[in-house]
Amino acid sequence: MYRSHVLVCGGTGCTSSGSERIVSALEKEIKASNLEEEVKVIKTGCFGLCALGPIMIIYPEGAFYSMVKVEDIPEIVSEHLVKGRIVTRLLYQETVKDDTIKSLNHTQFYAKQKRVALRNCGVIDPENINEYIGMDGYMALGKVLSEMTPEDVVKCVTDSGLRGRGGGGFPTGRKWSFAAAQPKGQKYVCCNADEGDPGAFMDRSVLEGDPHVVIEAMAIAGYAIGANQGYIYVRAEYPIAVKRLQIAINQARENGLLGKNILGSDFDFDLELRLGAGAFVCGEETALMTSIEGKRGEPRPRPPFPAVKGLFGKPTVLNNVETYANIPQIILKGADWFAAMGTEKSKGTKVFALGGKIHNTGLVEVPMGTTLREIIEEIGGGIPNGKKFKAAQTGGPSGGCIPAEHLDIPIDYDNLIAIGSMMGSGGLIVMDEDTCMVDIAKFFLEFTVDESCGKCTPCRIGTKRLYEILDKITKGKATMEDLDKMEELCYHIKANSLCGLGQTAPNPVLSTLHYFRDEYIAHIVDKKCPAGVCKALLSYVIDENKCKGCTLCAKVCPAGAIEGSVKVAHKIDTKKCLKCGACIEKCRFGAIMKK
Amino acid sequence: MANTISSVPFAGTKEQEKELLEVVKKHKGQQGALMPIMQEAQGIYGYLPIEVQKIIARELEVSLEEVYGVATFYSQFSLNPKGQYKISVCLGTACYVKGSGDVYDKLQETLKIKGGECTPDGKFSLEACRCIGACGLAPVLTVNDDVYGRLIVDDVPGILAKYMD
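As you go down the protein sequences, you meet chains P and D in turn. Counted from 1, the first sequence has number 114 at position 94 by this note's numbering; the numbering is strictly sequential. Counted from 1, the second sequence has number 78 at position 44 by this note's numbering; the numbering is strictly sequential.
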């Protein structure tokens, strides 16, 4: 028995800000104070509040230390762990109230959250199966194998109303029922852990913080559809997740929770890891399966759907990590419990990766139907530096930008589609007035051009042409006809592409065009970038009041565009100016600006 | 995914080849073995030159075209050697809106190479990557296993200086 537990976040965000060093320093100090028998240090998964990492919580007090530095460790050990005095100065200040600490659940960031998929993240040691079992882990698998028929399992998942969390939102129970209905024989269960949306990291956090939940859920899916082999396709870019998954699979095998005759039943199931190799299109289900087969990850037309003809030509169920993370609790607590959360057509909770221009970047899990305003202003703590909110981007390269006027719409699958975006995997990037919407559309198109697999023409060539028009606009070289052409092209790409990548690639353009048309027009007609981002449209000007007439800028200008005599304010001839920025670097008075 | 045939002469050793043959032996016969083999081969050689692809094709009894097709499809596979210090700038959305594009430009300018290239002395290679998942620290770059977060353009010279010995 330990009298204190120190939980240090070992997720990627906190690891990047040095939590490994914190753990070593802690272990060293604890040893030096002879507390090894009394205090246990545990590396957990993500707590969610990545902006304040590295994060550390000490129980039983529940003291939440944020932005911990190695230098702070001796004080925390000698004061808190030895003398029992919490180092209030180093706590996350929102948890400090009149010298007592309040529970994390009452802080602005956590108060509105409801943790279902993330319930064990930041709570257990992901590398220890006993901690997962201690949180009712593998109970659902036990229940399924001893009390339920495969039909019962499918019915329970169907009744819960769970929809695919990877973005498409297809009802999970129905997917399972299709595969279950196929004749007996070789079938497969796959997990899509190829989280490709740049700016989304919820799946990674589940894999890093609670890998067993995915294993348990996949075994349940295997039982439900009659499959005895599963594959987890995980990004190679997530080394921590890969390592913890492998450890978890080994532990599950050692404990008889994977392999032959699981828990004494006649059900066999085993899992294998396959690493992705950096191709966004492999998030598409048919492409992912082709990639597991060891080929170029190109999608193929559907039907036949994977439930009929999937991996290696056999019936296959493929779900996303977050979808699986909900399954064991649905089995244990019942379909009604799950269906009681959320909106009419979108049940349960959704995890969002909150990023961009927002105070509390991190992972949040909220019931479906929460409004964007609650997420951004309350949980996210609003926008830093007093800037104004411009748009929230959801759905990554397949989604769209949501303007301020729609902040109060309850978030669910159908509402987001109705306003021209989509749920996607749950990336939520906040943009302020300094973000140029044309530039953002171009950014996403550059991504899809790069990631288009090249198999079908509308996507391969269409996205490239779309990118070129956007590039022209950001350089001030486009006409209003280009805008019409661009819009028309968007609809062609959407209608004619083979897979989801191409069908949704124009969404960032269409949604910004819909809500921020004036910004496009400013670029085209006025040759101005209102947000001051598009370099080609900025002009350099010298502030007469700040310029001392030192002549340095005029000397460094390669185009001879700066005129003026000693001790007199200089001027830039915008026609000659190459916008190279050399003058700004040289100016010692901060007198030159881009406008 | 701008892969081309490398202009750097192949310098694989007998030991590396032996290791590769072991890897092929371990996976051969397994369904979908090609990608895991290529991933491990890249771990051995640091990249996947055509010479290595030929060995894999020969040992697995598949065509070189199939191996090359896979090698050029996935951005993780590199046909060019990487620098001693691999710099990756995250151009995921969260980092991008916080200015990682400017950091990337500054690195290209300072190192006088484009993304995907390596400096002539083999010291630095530069690439853009899509989200390493440290969005809380945006904008982020990595140099081998070191992570640098909450960057501004002016941090670039200081970071490079650490590796200029």
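FYI, nobody ran anything at the bench for these hints, they're computed from the structure. Hints should not be assumed to be uniformly reliable.
In silico DSS-like links for lysine-lysine, alpha-carbon gap of 30 Å or less [as the list claims (entries may be wrong)]: (1) D:K88 - P:K614; (2) P:K587 - P:K492; (3) D:K52 - P:K606; (4) D:K88 - P:K315; (5) P:K495 - P:K353; (6) P:K495 - P:K606; (7) P:K595 - D:K148; (8) D:K60 - P:K329.
Here is how each hint holds up against the structure:
For the proposed pair K88 of chain D and K614 of chain P, the alpha carbon gap of about 53 Å is over 30 Å, so the pair is violated. Restraint check for K587 of chain P and K492 of chain P: the C-alpha separation of about 40 Å exceeds 30 Å, so the hint is violated. Only pairs whose Cα atoms come within 30 Å are accepted, and K52 of chain D paired with K606 of chain P is rejected, the gap being roughly 56 Å. A hinted pair counts as satisfied when its Cα atoms are at most 30 Å apart, and K88 of chain D with K315 of chain P qualifies at roughly 17 Å.
The hinted pair formed by K495 of chain P and K353 of chain P fails the criterion: a straight-line CA distance of about 56 Å is larger than 30 Å. At roughly 26 Å between alpha-carbon atoms, K495 of chain P and K606 of chain P fall within 30 Å of each other, so this suggested pair holds. Between K595 of chain P and K148 of chain D the alpha-carbon distance is near 29 Å, which keeps this suggested pair within the 30 Å criterion. Taken as a hint, the K60 of chain D and K329 of chain P pair is honoured in the structure, with Cα atoms around 29 Å apart against an allowance of 30 Å.
The structure shown violates the earlier hints numbered 1, 2, 3, 5.
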